[in-house]
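Participant: Input sequences plus hints: build the corresponding full structure.
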Amino acid sequence: MEEAKLDLYFQLHRKEPEQKNIKRLIKSKIQKSCSFSFKKVQSALTGFFPVVKWLPKYRFKEYVWGDVMSGLIIGIILVPQAIAYCLLAGLQPIYGLYTSFFSNIIYFLMGTSRHISVGIFSLLSLMVGQVVDREVQLAGFDLSEDNRWEGISPEDLFNSSKTNVSSVNLTLGVFNMECGKECYAIGVATALTFLAGVYQVLMAVLRLGFVSIYLSSPMLDGFATGASLTILTVQAKYLLGVKIPRHQGFGNFVITWINILKNIHKTNFCDLITSALCISVLVAAKELGDRYKHKLKIPLPTELFVVVTATLVSHFADLNGVYGSSISGAIPTGFIMPQVPSLNLMSRVALDAIPLAVISFAFTVSLSEMFAKKHGYTVRPNQEMLAIGFCNIIPSFFHCFTTSAALAKTMVKDSTGCQTQVSSVISALVVLLVLLFFAPLFYSLQKCVLACIIIVSLRGALRKFRDVPKQWRISKVDTLIWIVSMLSAALISTEMGLLVGVVFSMFCIVARTQLPHVAILGQIQGSVFYEDAGEYENLTAVPKVKIFRFQAPLYYANKDFFLRSLYKATRLDPLLEIAKRNKAEKKAKQLAAKRAKENVQDNGNCQVNQILVPKNHEFHTIVLDCSAIQFLDTSGISTLKGVRNDYKEVGISFLLASCNPCVLDTLKRASYFGPNEKDISTLMFYTIHSAVQFAGRREIAAFDSEV
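The numbering used here applies: residue 1 is where the sequence shown begins, and numbers increase by one.
Think of the hints as simulated: they come from the structure by calculation, not from any bench. Backbone N, C-alpha and C fix where the C-beta goes; we use that ideal spot for every residue, glycine too. Some clues are possibly wrong.
Computed spacing ranges between beta-carbons, pair by pair [said to hold, decoys possible]: (1) V211 with T634: 26 to 32 Å; (2) M496 with W257: 14 to 20 Å; (3) L55 with P245: 18 to 24 Å; (4) R291 with A44: 31 to 37 Å; (5) R291 with D318: 33 to 39 Å.
Facilitator: What follows is the structure, given as structure tokens:
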């Protein structure tokens with residue numbers, strides 16, 4: 001019975017790999033892609049515009065109430081946030097409204113998620129604002145210039161003669177025009193947004209969605225928290241009403257706080273009191289909403305209430321005229337004529353668009369998959385990339401900036417009964433009403449109120465600090481990734497924070513394979529299974545056999561660690577043992593030669609034989625547990641061959657056990673088992689127990705032959 005168990009491995013026969021005719025395969029794919037039929041056109045249309053497929057099946061009575069309610073609530077939330085986030089982007093409020101309108105319409109047509117809310121996102125607004133401020137400053141404009149846009153139409157924003165500011169010549173597509181500061185700023189933003197969208201569409205076409213897997217959850221959380229600290233820092237000057245230059249480059253977090261402290265004596269107490277009141281109301285409402293959300297059918301529209309109240313107070317008390325409080329200024333109604341993004345500016349912002357594109361699609365895809373899983377349907381990640389790509393490309397012609405899915409608004413949308421993306425159309429209609437009729441009413445709205453809305457919206461990201469101790473207990477490596485990503489995004493720069501976070505995450509992965517866990521295994525009593533002797537009690541050491549486990553791929557980066565760990569675990573370095581024997585052999589020969597001259601040749605030979613007799617080690621076999629070795633490279637194969645030969649020199653066998661098919665095929669191709677794999681039955685075993693039993697039988701046979 002035992003022999004049958006031992007021969008189990010050799011009764012297993014590998015399946016022959018299916019031989020594919022590459023030429024025929026390529027030919028069939030070309031024919032399939034070049035063929036034309038009505039069904040294929042219909043499939044392509046419904047694939048590119050999923051709304052064509054699901055809208056005719058819309059269950060009006062079942063879905064309409066939830067979609068209308070969620071759409072109205074999100075629209076109400078969008079209006080103050082769209083105006084507020086323009087502070088982060090360094091743009092006029094009207095552009096935030098444009099962005100919210102167009103992104104909702106386009107995602108309705110192209111998105112596959114039923115629940116996510118696409119629009120302005122604070123993190124992306126910050127990244128856009130950093131690029132806009134840099135380019136505006138390089139163009140010679142004054143960043144501290146506080147323009148008033150009173151009584152102007154949307155087109156006047158593009159006319160420097162009517163806005164009374166300095167100007168530069170800017171080529172917008174085929175148009176060459178004189179451009180003021182705000183025109184130049186939105187020109188930078190649209191060029192950046194267009195390129196980000198192009199990158200996302202290219203990633204979708206080239207099937208590069210796998211890039212997002214390198215953005216780990218701890219890294220993204222840390223990056224978002226660090227960026228939130230930067231957003232808080234940027235908005236602090238509005239809370240205090242102090243005017244300080246917006247720093248460009250590395251160290252923005254530290255330098256901005258230094259400038260705030262230097263100018264703290266210039267605090268506008270009207271802005272400070274307003275900020276304290278608004279933050280108190282917003283935070284209290286948010287906390288009450290979180291505590292009683294199971295009783296509230298819809299979330300409280302606190303932002304809208306604060307904006308309306310603050311605007312009325314500011315208007316009738318003339319806070320701008322009496323106390324010098326900074327206000328939003330005129331927000332024109334209607335739409336600006338569409339224009340092609342500036343080709344000249346694209347070369348300046350091409351690199352800046354890459355992190356924007358990656359972050360935008362990463363958040364969108366992850367949120368869409370999360371809510372699809374929650375509600376039991378599927379999304380197509382590639383189509384999501386296309387959708388968010390066109391949510392950036394098309395609106396860039398209508399003076400919009402970069403968008404993505406936003407977690408907070410998506411959660412509100414889900415909690416208020418959203419069923420389909422029809423709710424996005426309702427939200428877009430709410431924004432459209434503001435664009436066409438109500439935008440000028442926000443003229444007297446203080447900027448500090450907008451800053452309060454932005455800061456309170458960061459609660460979720462800033463609360464991550466409370467989870468650090470718990471995360472440290474769960475995974476120290478993930479916590480380090482979070483801390484490094486957070487600190488680099490806050491203290492260096494947002495873009496560098498993303499790069500540092502990705503690189504450090506990859507470094508941690510490599511470090512885990514370079515310095516993996518190793519163990520000597522013992523046998524579980526009364527069984528054929530073996531486990532880590534350092535982690536479990538009551539394990540039985542196998543006599544004369546060392547079982548070594550290496551929990552990582554064996555490749556060029558960790559081969560030296562593998563050797564050091566093996567020698568340390570077995571307490572035997574074969575190279576040192578061979579060196580000692582060679583040295584002993586040399587001394588023995590010298591001693592024999594010396595005694596030969598004294599006519600004691602026989603005694604000399606006796607001494608040589610005594611010295612050269614191999615030392616009796618505490619084990620005769622090493623079994624390498626390969627179950628955790630995912631793959632081998634050429635360095636790993638050479639290492640295994642070298643180890644086997646070195647131990648063989650000192651009379652110790654080196655056996656492999658539990659190799660996966662990938663590792664086994666690699667060893668076969670490298671002729672590890674000799675010509676025609678003749679030694680595979682004595683070097684490779686299906687289980688550790690089979691290898692241990694083989695080692696025991698061979699030792700008994702060797703002992704019997706000596707007797």
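Participant: Next step is simple, just say for each hint if it's right about the structure.
Facilitator: For each hint, the structure was consulted:
no. : hint                       : verdict
1   : V211 with T634: 26 to 32 Å : holds, 28 Å
2   : M496 with W257: 14 to 20 Å : holds, 18 Å
3   : L55 with P245: 18 to 24 Å  : violated, 50 Å
4   : R291 with A44: 31 to 37 Å  : violated, 49 Å
5   : R291 with D318: 33 to 39 Å : holds, 38 Å
In summary, the structure is inconsistent with hints 3 and 4 from the numbered list given earlier, while agreeing with the others.
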